[in-house]
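Asks: Sequence:
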Amino acid sequence: MNKHITTMLFVIGLSGILPAQQSAIYTNELVQYNQALELYNNKQFLAAQNLFDKVRDAVDDENIDANCSYYIANCAVWLNQKDADQLLENFVVQYPTSIKRNSAYLDAATYYFDNGKYAYARKWYEKVDERKLSRSEKERFNFNKGYAYFKIQRFNEAKKYFNRVQDSREYGAKAKYYLGFIAYEGDNYKEADKLFDEVKDLDEYNKNLSYFQSDMNFKSGNFEEAIKEGLTQLPKSKPSERSELNKIIGESYFNLGQYEKAIPYLKAYKGRKGKWNNTDYYYLGYAYYKQGDYQNAISEFNKIVSGRNATAQNAYYHLAESYLKTNQKQQALNAFKNASEMDFEAKIKEDALYNYAKLSYEIGNSYVSTPKVLLGYLDEYPDSEFKEEIKELLISSYITSKNYKEAMDLLEGSRSFADKEVYQKVAFYRGIELYNEGNYSEAITYFEKSLAKQVAPNFTARAIYWKAESDYLLNDFDGALIGFKQFEGSTGASTTNEHKQIEYNLGYTYFKLKQYPQAAKYFEAFSNKTDIDQTRKNDTYLRLGDSHFISSKYWPAMEAYNKAIKTNSADADYAHYQKAISYGFVNKNGQKIQDLEMFIKKYPRSTYRDDAMFALGDVYISENKIDRGIEAYDRLIRDVPRSSYVPKALLKQGLVFYNGDQGNRALSKFKRVVAEYPGTEEAVQAVNTARLIYVDLGRTDEYASWVKGLSFVDVSDADLDNTSFEAAEKQFVENNDNGAINGFEKYLREFPNGIHAMKSHFHLAQLYFKKGDKNTAIPHYEFVLQKERTEFTEQSLARLSQIHLENRSYEKAIPVLERLESDADYPQNIIFAQSNLMKSNYQLLNYQKTIEYADKVLANPKIQNDVKSDAKIFTARAAFQTNNIPRAKKAYIEVQKIATGELAAEALYYQAYFENEEGNYKESNTTIQKLAKDYSGYRLYGSKGLVLMAKNFYGLKDAYQATYILESVIKNFTDYPEVVDEAREELTKIKAEEAKTNSSIQTEQ
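The numbering of the sequence shown is full-length UniProt numbering, which starts it at 1 and goes up by one.
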């Protein structure tokens, strides 16, 4: 019945029972009520709402009040007012018996449904009492409520209401279409096809049916039908459907193995919301792969980032094969590794691990050592058909991987592959590795392990040789001699490179054992060889000369020194000096003087310059050329004022004057020695000789007065002083270290400023250093260094700086090293000082100073390769830290030429780094592959190299390689947190970028 008519009847009926006195008032209000109702029916809801509100306020009647409240709430719904819900709720609560209660619910639901607000509509439909609805209202209610559930994808509830109107003339076709779609979404394609077939003649739905039927055929495995339906629909489809139809057609061709036909349709797919997923990339990549188009296959497969399912495993395996086909072995290694780490398809896992193991052997592996990978394959697949092949590679890999530490761990922990010859070789190479690191004691352990498995004669001989070398460097010269002699007589020695220099080593060993004639014999034999390097030959001439010199065979010594001088090598100055000294022992002082004078002119910067000056003064004095001798001493005192010979020269001058009856001149020299070098042996001797002069001059009171002012000597206690010191020194000479320490400590307690205080402090420092109680030695070395230069100064500087360096007290080490650099007589101490000043300044971030000292070290022609390598590496590091990239790059190139072990790994890493910075990504990766192949044992640079490799691959548009490598670094290198942090940061950036086009990529929130 029409709402308007119903209301009018209600009003007329009501007016018949109004009291007469109120009729005028109510008649007026009912007119307004009817006006409001007319406005409502004409959809003028705001005006109607206002008028209903006036009527409700004016009339005191519950029925009219209820009707007005209903219409006011209904208007609020149509006007979309904020409080519409509340007004309806209030109406229902306030008028629970109103006949408009159900209509209120239905009208609100209908309004929201018509406006597409299906969640709101569903809420109000839930309140409707279906029993009170007419048949037509029920059909509309069921369809609308089903559709509201359908729109929020609650298909089970939607299906219940659609089923109720399947036979409805008005709603049946629509309901069947949506029921068909629900069946389609639920993969019930038979039911969906039946329902769609019933509504195929309806134009408004027919345009979507070909797409659904094509998709259903595809999902049911009817690929030919799917292609047929899809191709029919494609020309007339909407853009959004066209993309999906291309996907259906392409994947149908794919499943039929018609890859060439599949490719254009797969490429035409636009993705969901503009994004593909990993499976989409797999289909296109595999289609290219099957066509032999490996480059395009790679470009699709490598977009599959962080996949962890059977499709991804399959994709990574075929990606690896595509890389192999295009000779990209490092990329193939990573992809095979990834596929081998997944358990979805067992055959793929096994074959991927096999290829990963083989490639690890071929090109190296930065993740784990090659032997470990090969052993892992054999452990995983002990009955593999490739067992023997992998076993051979495993044995060979122990040597080729150069990661000897881990190789030894694997060999000693494996029962299955304990090949004796491999063990012998790996143990030997591990020993060499430790030897090169300066760990001689540990190196001997491995040489002995190698010698326990004597299979290959040449490796047996080499192990004997290098064990002897290690003994030599540990000052076990007796052990070294036994080893070198054993090597000389071993069967495999003649085939080794070491055999070429055995005479040289034996010469040095005999020299250290002070068996100089034997040393000379071997040095002579070595010097006559023609196939030795010139540097070693020059050194041999010097040691041959020294052996003859010490054996008092001066003419043969001079002959050897002459050969050294002719080479004009870095040590020619030493040879020249020794030759000059030798002339003195054969009574050729004239020639000695001539050669010493020549030496001083020819080698003005030689460390032996002060030695030559002092010797020249001595020879002049011995030849009674007193003035020339005094002049030579003066030149020494003037030109080399910090030389340890200065107090000796002053003392000599004093003695010459004393012997020449020039007492006052002698006293002047002695007093200078005492004043400038108190506590030294020269000062003590100066005091004693001065006493004789004062006695001769009859000036004993003056002597007593002078001596009383000296802190280091007390005449009255001199005998006690000497006695106490001699007791301690006796223990020292007899190598009773504890007794000597007690004796010297006692002496210093009794005579803190005694005659022998300097010497006692030095000996105590040396004894504590020898015991390993180095911190206790520090104040004793410092006492020596507080005084003027003595014979103990240089060694005290070297030892004290060494202690500070070992304690990493670089601020304390630097001033000591600086003094050692300026005061040292021995060239090796100068090199020690400069190289450690370089390192200490680097530790304190003084990069410019680091470079300055590195330059000093490199300018010295006498440095060994390991020191040279250090200087170049610190130059490179400091230059890099100061952003002097051209110099850093040049320095690292130089390092590569001579470095071994970790320094070589560092240099290679930075070569790759610079190549990356210049955009040479392929070259950078080639360098990193070399790093992995040759230096896999140095995991820090291996991990840093992998991060760099990931950056290179991303620069080459290979997101898969980049992300997989970074994920592997994060997983495998937790012992290097800084590297892992960098990898994680880089991975986050790459994933964020790739997620823009790949919906399978999960980025961190």
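It cannot be assumed that every hint is accurate.
[Claimed, not checked] Each computed BS3-like pair below joins lysine-lysine, with the alpha-carbon atoms no more than 30 Å apart:
no.: 1; residue 1: Lys787; residue 2: Lys868
no.: 2; residue 1: Lys849; residue 2: Lys402
no.: 3; residue 1: Lys127; residue 2: Lys117
no.: 4; residue 1: Lys957; residue 2: Lys897
no.: 5; residue 1: Lys770; residue 2: Lys787
no.: 6; residue 1: Lys971; residue 2: Lys989
No lab work stands behind these hints: they were computed from the structure.
Asks: Need the list of violated hint numbers for this structure, in ascending order.
Replies: 1, 2, 4
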